[in-house]
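If you read the protein sequences in the order shown, they are chains A and B. Here the first sequence is numbered in the UniProt record's numbering, starting from 1 and rising by one per residue. Here the second sequence is numbered in the UniProt record's numbering, starting from 1 and rising by one per residue.
Because the hints were derived from the structure by calculation, they are not lab data. Please read all numbers here as calculations on a predicted model, not as lab measurements. Using N, Cα and C, we set each Cβ at its ideal position, and we do this for glycine too. Be aware that a few hints might be false.
Quick list of in silico lysine to aspartate or glutamate cross-link-like pairs, DMTMM-like style, CA-CA up to 25 angstroms [stated by the list, open to error]:
#, chain 1, residue 1, chain 2, residue 2
1, A, LYS493, A, GLU503
2, B, LYS139, B, GLU32
3, B, LYS139, B, GLU98
4, B, LYS317, B, GLU348
5, A, LYS493, B, GLU566
6, B, LYS493, A, ASP568
7, B, LYS317, A, GLU503
8, A, LYS147, A, ASP100
9, A, LYS139, A, GLU510
10, B, LYS317, A, ASP173
11, A, LYS578, B, GLU486
12, B, LYS139, B, GLU371
13, A, LYS578, B, ASP568
14, A, LYS493, A, ASP479
15, A, LYS317, B, GLU585
16, B, LYS578, A, GLU566
17, B, LYS317, A, GLU167
18, B, LYS317, A, GLU510
Across the chosen pairs, the derived CB separations fall in these ranges [stated by the list, open to error]:
#, chain 1, residue 1, chain 2, residue 2, range
19, A, GLU44, B, GLU503, 48 to 56 angstroms
20, B, ASP456, A, GLY327, 31 to 39 angstroms
21, A, GLU69, B, ARG450, 54 to 62 angstroms
22, A, GLN45, B, GLU585, 23 to 31 angstroms
23, A, ARG63, B, LYS578, 43 to 51 angstroms
24, A, HIS575, B, SER419, 35 to 43 angstroms
25, B, ASN208, A, PRO547, 54 to 62 angstroms
26, B, SER419, A, ALA330, 44 to 52 angstroms
27, B, SER329, A, HIS575, 30 to 38 angstroms
Protein chains: 2
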Amino acid sequence: MWQYQAPLRDMQFVFEHWLDAPRAWAQTTRFEGLDLALAQQVLEQAGRFSSQVLAPLNSSGDRQGCGFEAGQVTTPSGFVEAYRAYTEGGWSALACDEADGGQGLPQLLDAALQEMLYASNHGWAMYTGIAHGAYLCLKAHAPEWIKARYLPQIVSGEILPTMCLTEPQAGSDVGLLRSRAEPQDDGSYRVTASKLFISGGEHDLSANILHLVLARLPNAPAGSRGISLFLVPKLLDDHQTNNVRCDGIEHKMGIRASATCSLVFEQAQGWLIGEANRGLAAMFVMMNSARLHVGLQGLGHAEAAWQNARSYARERKQMRAPVRPAGVSAEDADPIHFHPAMRRTLLELRACTEGMRAVGYWVAHLLDQAEHHSSPVERQRALQLAQLLTPVIKAFFTDQGFHLASSALQVFGGYGYVSEFAIEQTLRDSRIAMIYEGSNEIQANDLLLRKVLGDDGQAFAQLLLVMREEAAQALSTNDCANFGTELAVLCDKLAAVVSAVRERAVEEGEYPYRVAGDFLQLCGVALLGFAWVRAARVSRLLPDSDPLQASKLQTAHFFFAYGLPEADYRIASIHAAKAGLAFIEP
Amino acid sequence: MWQYQAPLRDMQFVFEHWLDAPRAWAQTTRFEGLDLALAQQVLEQAGRFSSQVLAPLNSSGDRQGCGFEAGQVTTPSGFVEAYRAYTEGGWSALACDEADGGQGLPQLLDAALQEMLYASNHGWAMYTGIAHGAYLCLKAHAPEWIKARYLPQIVSGEILPTMCLTEPQAGSDVGLLRSRAEPQDDGSYRVTASKLFISGGEHDLSANILHLVLARLPNAPAGSRGISLFLVPKLLDDHQTNNVRCDGIEHKMGIRASATCSLVFEQAQGWLIGEANRGLAAMFVMMNSARLHVGLQGLGHAEAAWQNARSYARERKQMRAPVRPAGVSAEDADPIHFHPAMRRTLLELRACTEGMRAVGYWVAHLLDQAEHHSSPVERQRALQLAQLLTPVIKAFFTDQGFHLASSALQVFGGYGYVSEFAIEQTLRDSRIAMIYEGSNEIQANDLLLRKVLGDDGQAFAQLLLVMREEAAQALSTNDCANFGTELAVLCDKLAAVVSAVRERAVEEGEYPYRVAGDFLQLCGVALLGFAWVRAARVSRLLPDSDPLQASKLQTAHFFFAYGLPEADYRIASIHAAKAGLAFIEP
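Work out the full structure: start from the sequences and follow the hints.
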């Protein structure tokens, strides 16, 4: 049956060795009191919550789905209790400021928590997923009275926020949205909107819900420059119901336990957040954190897929393998993880999952440094890198999450296709993350057009610098010299391909749009390569008796032989795309 | 909303130009009376049946699923009536011998029919899917009295057969099966078996069901050499119920309208088909046709995905595209099929779908030639090629069907993830085809180990010969010379990689198992390349006024620029896999 245990050992490895996080924490005033022992304690508690409270509700939540009647949403059995345990455990407060009642812990720890929540129960975690982003957004842009009133309630989990962006005609293109807000004499606004696909737009987990709504002021400019952000609570101060109505919930392929709502706002009372017509900028504060979270969904599904496939592959016996591990004698049938095709699948699951964890946590760690590092230069550098990497995390991780869930399903054979084992649920749940929070195609354009070509390659040069430093260190490390050589060659190729794209883009403006998807995949593979060089190198610091030492080196070897050829393929595809791309005839 | 129209124009193009089928039909006595006009008429009728009868039941069948109560299965609303229309239309008789009441039409036409059935309603088509294979199997191996009694009923559709192979402990490894059959004095057998994942094991479409059951005779040798095949009817001659019980149906990720049954046989009366202990050989008759059918499921899903994505991409407007077709002026937002990432997705959908259609129909056509060509040499050559290509069709097409369904879903954005548009159903339905009828990993081993290395490369040399002939013809055709050059280079690379694998396999027996998956993908891509060279070349025969002429050339250009780089990637992966592959630690 489907099961999930938080991969605490690997998380700890990334914190301690791959990131050397304690050294960075010591360079901030915010985290100087934090040490690995405390971090480990938090991870263990989060692990218990995810495996003991959320994981047992994953399949039942999917089967049951949400109830909807007369505007009310009922979440699946156990969800309300799990949410109570979540707030009582202080998980909603983890990375919030102590001044607001938060625990003041790093986003790095929150990233590990999020991975666990999404891995153990994506549907449930949709309700809490936007809370930290909304907290950051309000903190940066809301008037003081709103901050004073609502931030502590978000931190405590008394209220849950939503992000109301999509409308039927405005999905990827937020500039097309039509929702309206009219100013009132008392400083509030009347918001009239019809919003679609709003996760947690209505539910029974928290008493109140805070809707962050994008809408247009009267006479606002057309397009995305005329959009403002409003806070519209479900319940007003005197516990009076606001004019917000849930019109229905979607029947979806996956995350069925998450209520995806149509919301109708009819002259609902709301307040402007940030400046008029600058709603996208205000919401942008949520973006890096929200996109990182979605990337962590991909990582979480990959981890769940890997755990379940590994466990099934050890139990299931079918056919004799051409070769067995030393000392294992032949039986009628071998466990299927002896078979080469299954070994390859399983090693790919491990290599991608552990590699993504290192890279994903790195970005969370960069966001902490961007906010709290004592050096302004380092803060700037960290922000630049985090912004560059965010679209890769969002798109590459979620592509991989879906791909790896499908690979894991294949390990189960026919049993993978039936609901009983729930690996098919992992596949269904994982698919949404490629779409929402900016589709993966939009991430690819953001990466290549804005983040790489848009700043004259400065951020990308920063990334290459980090990777080249790693290559140099690996070159002088036992067992790792070859990895260092290969990583240096890869950096040269990356630099060359960016130059080539930049030159070609001058001649033909559409070219970078054609290759953006390949470029993002290339960056994803290169980052995994980087992750595995560093993992191999720092695993040398572990005692010989630690099985992780051999495992990391082995998986690095696997990735360099079996995973890295994709980089050349993507580069070849980028060059091949100099050929035009026809329009589909009507 | 989800819709399906049979792609009659492209089917006709493959029949007439790509295959030049009428010329081959003329070289057989069986099909010499068949011409394109008649074939076209059959296709049109099949198209009407699939789009007017089956397609409207696709989504409702998925939502409703099958009912199960007290051993009885109820199919979704409309399924019984659709099955009646199917048998009354004579579709069950299409490719059966006239002597048995069949229409004696080629498997090529049946392949087109199957593509339509699976594309329009995979769940429904599961009930009829095995019938032709069972017909062939019984025809080849059953005693005369069984043939006389049952073949006409299969042909007329009065009864539907099943294939009862899988048991809980025996999936890919049929040698592990434990079902038993004991001979009786009257020449029949008592079959005791517990079978799992039996498609159509019980339903309300036909009055009787014929189970083809693999089981062991007393004292049969262990493993796959001790397996015999039995025919076990649900109803015996006097309409008495046999001791076969449906114990339950699976809840599955997709094809929910198809009843996937657990069947319990308790001393059920059955009859031996073929020789004792030669059950796998007898069932093998069904294999080529059954695996081709599963491949056609992948093709059908790809076609449905392509149609629906194209249609949605034309209607949906979001954001301005960097470039528009000549003469189209800017609006607030362009139809999304103007955006480069979407154009690439849509062209990939077209290129793979139409390319697979040519290759898949070619294999069906080869099976016709293998049976009916006047020359024994040609019959042998056709069979050799069909057997070589069958695992590629099964695995590559179904991988593509799933991949392309996911690409199409992405075109729909958030609308793709909700049930309303049913593209998510296409994705869910398509996933099973990678698993059943021999998992795609087993197909890869079959291709490389048995079909390519196993016969000293004779069949593969035949394939290269066909492809090189095509390259030579393209070289001397207007607009196609470059395709010819590239195809010839690709043939050289294929020959080289097979030699390299063969040499390495001598040194290390496990190596081909490690690369079998990559090799199968390589063959799939190469076959698409071959398909597109021929499509481009023979499209020159169309009048200039036919839009298909330009479309085929355009899509060939797309495939050679954007699709073919994968071939080098697969070759590089095959070489990289010389590195060992660790065992996962327990």
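Going through the hints against the structure:
For the proposed pair LYS493/A and GLU503/A, the alpha carbon gap of about 15 angstroms is at most 25 angstroms, so the pair holds. At most 25 angstroms may separate the alpha-carbon atoms for a hinted pair to count; LYS139/B and GLU32/B meet this at roughly 23 angstroms. Simply put, LYS139/B and GLU98/B have alpha-carbon atoms about 13 angstroms apart, close enough for the 25 angstroms limit, and the pair holds. Proximity of LYS317/B to GLU348/B is assessed by CA-CA distance (about 21 angstroms); at most 25 angstroms being required, the pair is judged to hold.
At roughly 19 angstroms between alpha-carbon atoms, LYS493/A and GLU566/B fall within 25 angstroms of each other, so this suggested pair holds. Of the pairs offered as hints, the one joining LYS493/B and ASP568/A holds, with about 17 angstroms between alpha carbons and a cut-off of 25 angstroms not exceeded. For the suggested pair LYS317/B and GLU503/A, the alpha carbons sit about 31 angstroms apart, so the restraint of at most 25 angstroms is broken. As the CA atoms of LYS147/A and ASP100/A are separated by approximately 9 angstroms, the hinted pair is consistent with the 25 angstroms bound.
A C-alpha spacing of about 39 angstroms is found between LYS139/A and GLU510/A, which places the hinted pair above 25 angstroms, so the restraint is violated. Under the criterion of a C-alpha separation no larger than 25 angstroms, the hint pairing LYS317/B with ASP173/A is consistent with the structure, at around 9 angstroms. For a cut-off of 25 angstroms, the pair hint linking LYS578/A to GLU486/B stands: about 17 angstroms separates their Cα positions. At roughly 14 angstroms between alpha-carbon atoms, LYS139/B and GLU371/B fall within 25 angstroms of each other, so this suggested pair holds.
At most 25 angstroms may separate the alpha-carbon atoms for a hinted pair to count; LYS578/A and ASP568/B meet this at roughly 18 angstroms. Only pairs whose Cα atoms come within 25 angstroms are accepted, and LYS493/A paired with ASP479/A is accepted, the gap being roughly 24 angstroms. Straight-line distance between C-alpha atoms of LYS317/A and GLU585/B comes to about 16 angstroms, which keeps the hinted pair within the 25 angstroms bound. Restraint check: the Cα-Cα separation between LYS578/B and GLU566/A comes to about 16 angstroms, which is no more than 25 angstroms; the hinted pair holds.
At roughly 13 angstroms between alpha-carbon atoms, LYS317/B and GLU167/A fall within 25 angstroms of each other, so this suggested pair holds. Simply put, LYS317/B and GLU510/A have alpha-carbon atoms about 19 angstroms apart, close enough for the 25 angstroms limit, and the pair holds. At roughly 52 angstroms, the beta carbons of GLU44/A and GLU503/B sit within the given window of 48 to 56 angstroms. For ASP456/B and GLY327/A, the hinted distance range of 31 to 39 angstroms is satisfied, since their beta carbons lie about 35 angstroms from each other.
A C-beta distance of roughly 58 angstroms is found between GLU69/A and ARG450/B, which places it inside the suggested range of 54 to 62 angstroms. For GLN45/A and GLU585/B, the hinted distance range of 23 to 31 angstroms is satisfied, since their beta carbons lie about 28 angstroms from each other. The supplied range of 43 to 51 angstroms is met by ARG63/A and LYS578/B, whose beta-carbon atoms lie about 46 angstroms from each other. The supplied range of 35 to 43 angstroms is met by HIS575/A and SER419/B, whose beta-carbon atoms lie about 41 angstroms from each other.
ASN208/B and PRO547/A have their C-beta atoms about 59 angstroms apart, which keeps the hinted 54 to 62 angstroms range intact. The given range of 44 to 52 angstroms is respected by SER419/B and ALA330/A, whose C-beta atoms sit roughly 48 angstroms from each other. Judged by the Cβ atoms, the range 30 to 38 angstroms given for SER329/B and HIS575/A holds: they are separated by roughly 33 angstroms.
Hint violations for this structure: numbers 7 and 9, all remaining hints satisfied.
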